[in-house]
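Participant: Here are the chains, one letter per residue:
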Amino acid sequence: MPTTLSPRERTRRARTGAGSRSAPVPLLAPALVGILFLVLPLVGLLLRAPWADAWTSLRGSAAGEALRLSLWTSTVATVISLLVGVPLAWLLARTVFPGQRLVRALVTLPLVLPPVVGGVALLMAFGRSGFIGQHLDRWFGVTLPFTPAAVVIAETFVAMPFLVVTVEGALRAADRGFEEAAETLGAGRMTVFRRVTLPLIGPSLAAGAVLCWARALGEFGATITFAGSFPGRTQTMPIAVYYALEADPDAAILLSLVLLLVSVAVLLALRDRWLRAGSAA
Amino acid sequence: MRRPALALVTAVAGLALAACGGGAPGPGAGATGASATRGTTTAGSPTSDLSGDITVLAAASLTESFTTLAERFEAAHPGVSVTVSFAASSTLAAQIADGAPADVYASASATTMDDVTAAGHADDPVVFAVNSMQIAVPPGNPGDVTGVEDLADPAVTTALCQPEVPCGATAAQVLTHAGLTVRPVTLEPNVKAVLSKVRLGEVDAGVVYVTDVLAAGDDVEGVEIPGAVNATTDYPIATLSRSQHPDVAAAFVDLVLSPTGAGVLSAAGFAPR
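Heads up: the sequence lines are chains A and B, in that order. For the first sequence, our numbering begins at 1 and goes up steadily by one. For the second sequence, our numbering begins at 1001 and goes up steadily by one.
If you're looking for bench data, these hints aren't it; they were derived computationally from the structure. Glycine included, each C-beta is placed from N, C-alpha and C at the ideal position. Be careful, since some hints might not be right.
Cβ-Cβ distance ranges computed for the label pairs, FRET-style [unchecked claim]:
| id | chain 1 | residue 1 | chain 2 | residue 2 | range |
| --- | --- | --- | --- | --- | --- |
| 1 | A | Val112 | B | Asp1144 | 41 to 47 Å |
| 2 | B | Asp1144 | A | Pro50 | 44 to 50 Å |
| 3 | B | Asn1141 | A | Gly202 | 40 to 46 Å |
| 4 | A | Leu40 | B | Pro1272 | 25 to 31 Å |
| 5 | A | Phe37 | B | Asp1218 | 46 to 52 Å |
| 6 | B | Gly1099 | A | Ala105 | 39 to 45 Å |
| 7 | B | Asp1144 | A | Phe140 | 20 to 26 Å |
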């Protein structure tokens, strides 16, 4: 890139790619359809929202406790995903072991699996009569279903693969030269991981974590199947929206708007990652 | 494909008309009509039997009985295909309000039917069955539930329907009658979801309809709720004003209200209206 370009021009070129400003109609028309299709439902939500008594309606609903539950469970699910998922991504990206491809396929399966199926699978494993759950119950008196812990488990199961896939991709794309240089200079493998690898993939790590968190926040199928639904204990925002739609559609719209607001906030927080074209995340 | 279908239509035309003719007496209706469809292949003169595909929205507790009735209806009317969608009555009412393409609505409560008729989506609902509640427990009764008062025991994990759903509302009446405060571990979206939590052994007890315990066979055990505290719910049915095939829809409703329909429903454990 020529050094004579102003930073502003450099940014512009980075944004527009090759720099072309006009689009041929065969590409432009479907692209506009795409934009409308993705945006119009959100407009519908805004148009139908009962703005006048929004506050009283929200306060009277289960929104507060559902949102609180959703926020903390998806955050815990993300932390667990980071603690377990980053080492897993490293293992998949930086080592070679027999059956690696199978392991990768298995751990990314929840990505494509219908979440309800995930919920059923969790019940079969960790349910009260599941093959692990029955021992938890018998030996420790612990039953997971219908508890906030079950919500966290369901969300982690569904969301962690998003983090693993993002981080593994970043690890593969990262320049190994820095790590090799650090090793040459005598750094141990853990030191390299901590001081070189992690900072190198930092942006992707953050993007993966947010993606994971957002997926956990939106989790419905696995949660209602494995954790059930009880206000304040296992009824997360998406489940509250679903139920409210039957009893009180206005409340459902408002709850949806709250989730929309949270999602917009996430996008704004990630604006340097996603709202700018061409980022690897 | 066309010719055999036509032959079947003409073969069962007489029986079919008998089956859809409301409380039409005689041995021709329902099950016998179905067997005649397979047995008879002699072609008669073409007649105008019903044709068109209908969608029936039915309460989850009607899963077994309406699946059977839909099969019998299709057997009696080869030109007709019936799709039954089972969910909580309140879910279905919301779908109807949102414009779901459907022809018949069978609800597990008069209240949700009232919502649908008040919005002008259906007229003149008719009650076709009555259901009452029972406690379903997993085989072996791990929670040692012997009566409705055991549900108030904090050690007994209980699943109920959402209060907005008819089975939740009726269960709440039972608990009120019994003067009990029950803290369920989960409020499920429909009665079959409660039943499956019991089947899987995830809860010690679930309050479901008598018909659900019967339908689950050996997968669950039933614990009676005495008549003094039990509550019942009426099942109204109506054709929807949006129906594209009102004649077929009306014929299906007639089958449900016929002696054949009553037989299927009572075999499923419903009380007569």
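Participant: Is 39 to 45 Å respected by the C-beta to C-beta distance linking Gly1099(B) and Ala105(A)?
Facilitator: 41 Å Cβ-Cβ, so the 39 to 45 Å window holds.
Participant: Between Leu40(A) and Pro1272(B), is the Cβ distance one that fits in 25 to 31 Å?
Facilitator: 50 Å, violated
Participant: Confirm or reject the claim that Val112(A) and Asp1144(B) have a C-beta distance inside 41 to 47 Å.
Facilitator: 43 Å, holds
Participant: Phe37(A) and Asp1218(B), beta-carbon distance inside 46 to 52 Å?
Facilitator: Given about 49 Å between the Cβ atoms, the range holds.
Participant: State, for the Cβ atoms of Asn1141(B) and Gly202(A), whether the hinted interval 40 to 46 Å holds or is violated.
Facilitator: At 56 Å between Cβs, range violated.
Participant: Are Asp1144(B) and Phe140(A) spaced within 20 to 26 Å by their CB atoms?
Facilitator: 21 Å, holds
Participant: Could one say that the CB atoms of Asp1144(B) and Pro50(A) fall in the range 44 to 50 Å?
Facilitator: Roughly 48 Å apart at Cβ, these two residues keep to the hinted range, so it holds.
When the structure is compared with the earlier hints, violations turn up for hints 3 and 4 and for no others.
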